[in-house]
Amino acid sequence: MSELYDFGLRPGEARLNITWNGQNGDLPDAVDYDATQQQLRGWAEEAIRAGSIPGVRADRGADLSNFVVDRFPATPAIPYARVMLRPKTPFG
Amino acid sequence: MDKTIVIIGVGALGSHLVLLGRNWPVRFTAIDFDRVEKKNTMSQFHSRMGVGRNKAQAMQQAMQGLFGLRLEAVPHKLTADNAARLLDGADLVVDCVDNAEARRVISQTVRAAGIPCLHGAVAADGSYARVMWDASFSPDEGAEGVATCEDGEHLPFVAFVAARMADAVQRFLKDDEQVSSHLHPGGILLV
Numbered sequence: 025m026s027e028l029y030d031f032g033l034r035p036g037e038a039r040l041n042i043t044w045n046g047q048n049g050d051l052p053d054a055v056d057y058d059a060t061q062q063q064l065r066g067w068a069e070e071a072i073r074a075g076s077i078p079g080v081r082a083d084r085g086a087d088l089s090n091f092v093v094d095r096f097p098a099t100p101a102i103p104y105a106r107v108m109l110r111p112k113t114p115f116g
Numbered sequence: 030m031d032k033t034i035v036i037i038g039v040g041a042l043g044s045h046l047v048l049l050g051r052n053w054p055v056r057f058t059a060i061d062f063d064r065v066e067k068k069n070t071m072s073q074f075h076s077r078m079g080v081g082r083n084k085a086q087a088m089q090q091a092m093q094g095l096f097g098l099r100l101e102a103v104p105h106k107l108t109a110d111n112a113a114r115l116l117d118g119a120d121l122v123v124d125c126v127d128n129a130e131a132r133r134v135i136s137q138t139v140r141a142a143g144i145p146c147l148h149g150a151v152a153a154d155g156s157y158a159r160v161m162w163d164a165s166f167s168p169d170e171g172a173e174g175v176a177t178c179e180d181g182e183h184l185p186f187v188a189f190v191a192a193r194m195a196d197a198v199q200r201f202l203k204d205d206e207q208v209s210s211h212l213h214p215g216g217i218l219l220v
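Residue numbers (my numbering), protein chains in the order written: chain R, 25 to 116; chain G, 30 to 220.
With the rest of the complex left out, here is chain R (with noise of 0.2 Å):
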């Protein structure tokens, strides 16, 4: 049995955070962090829908589909991979 990193996280993965109507959390799951953009996109809206992200209100109509996708491999002040799911960001 593989080593289990901090947070439960095996090498190569990663948490994925989520931003959905101004609410935030991560996915119970660990993903690839290497893991396609479609695919992220996907699990992240079939959690919204069920309800299924600690601090994210189910949306049946959760639609992520022109959200952007960051990563970020780990660093000493966070020592794991994250990849984030969020709006775009035009703004000034």
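Worth double-checking, as some hints may not be accurate.
BS3-like cross-link-like pairs, simulated, lysine-lysine; straight-line CA separation at most 30 Å [to be verified]: (1) K67(G) to K32(G); (2) K112(R) to K68(G); (3) K32(G) to K203(G); (4) K32(G) to K68(G); (5) K67(G) to K112(R); (6) K106(G) to K112(R); (7) K106(G) to K32(G).
Because the hints were derived from the structure by calculation, they are not lab data.
Chain R is fixed; fit chain G onto it per the hints.
Okay, now just chain G, sitting in the frame of chain R:
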């Protein structure tokens, strides 16, 4: 010698950033070609006295009148043709514009000149924002042109983001630290 901070765009984020930075020992330059509209007074640090005036000049007048703060106003649009000249001499550039094309010009210019740059970027529905140093920033494409912050609907979040930008600038001025973050109405995510 005081550092020079050039703020490009003094709308929602930029105007509030100047307000929050009024005690910094710096020289401010504000660049904005746009004019203050009545609706802007609900979401930006512009008052009815500034309606119809250029935003950079309205900001200059407001900060001088309210706080005695001197600010250089540049009432022009920053473009690829004039960016190097307008940003020359800056110790820090702060990007608060509202379109990807201008953000690309800013990034290209500061990278070529080796000028530190902080970007502030907000979602149209006030549900998310990024406060990012240039090395890890890329502009979002294809999301301009929609109405945002009508009647100041997202003003508390705008103020939250501007405060986070002010904190990032203060850390930079103090010891060159560059802290980037993502924000949502419930909190801050360090990145």
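Going through the hints against the structure:
no.	hint	result
1	K67(G) to K32(G)	33 Å, violated
2	K112(R) to K68(G)	23 Å, holds
3	K32(G) to K203(G)	11 Å, holds
4	K32(G) to K68(G)	33 Å, violated
5	K67(G) to K112(R)	26 Å, holds
6	K106(G) to K112(R)	24 Å, holds
7	K106(G) to K32(G)	23 Å, holds
Consistency note: the structure conflicts with the earlier hints numbered 1, 4.
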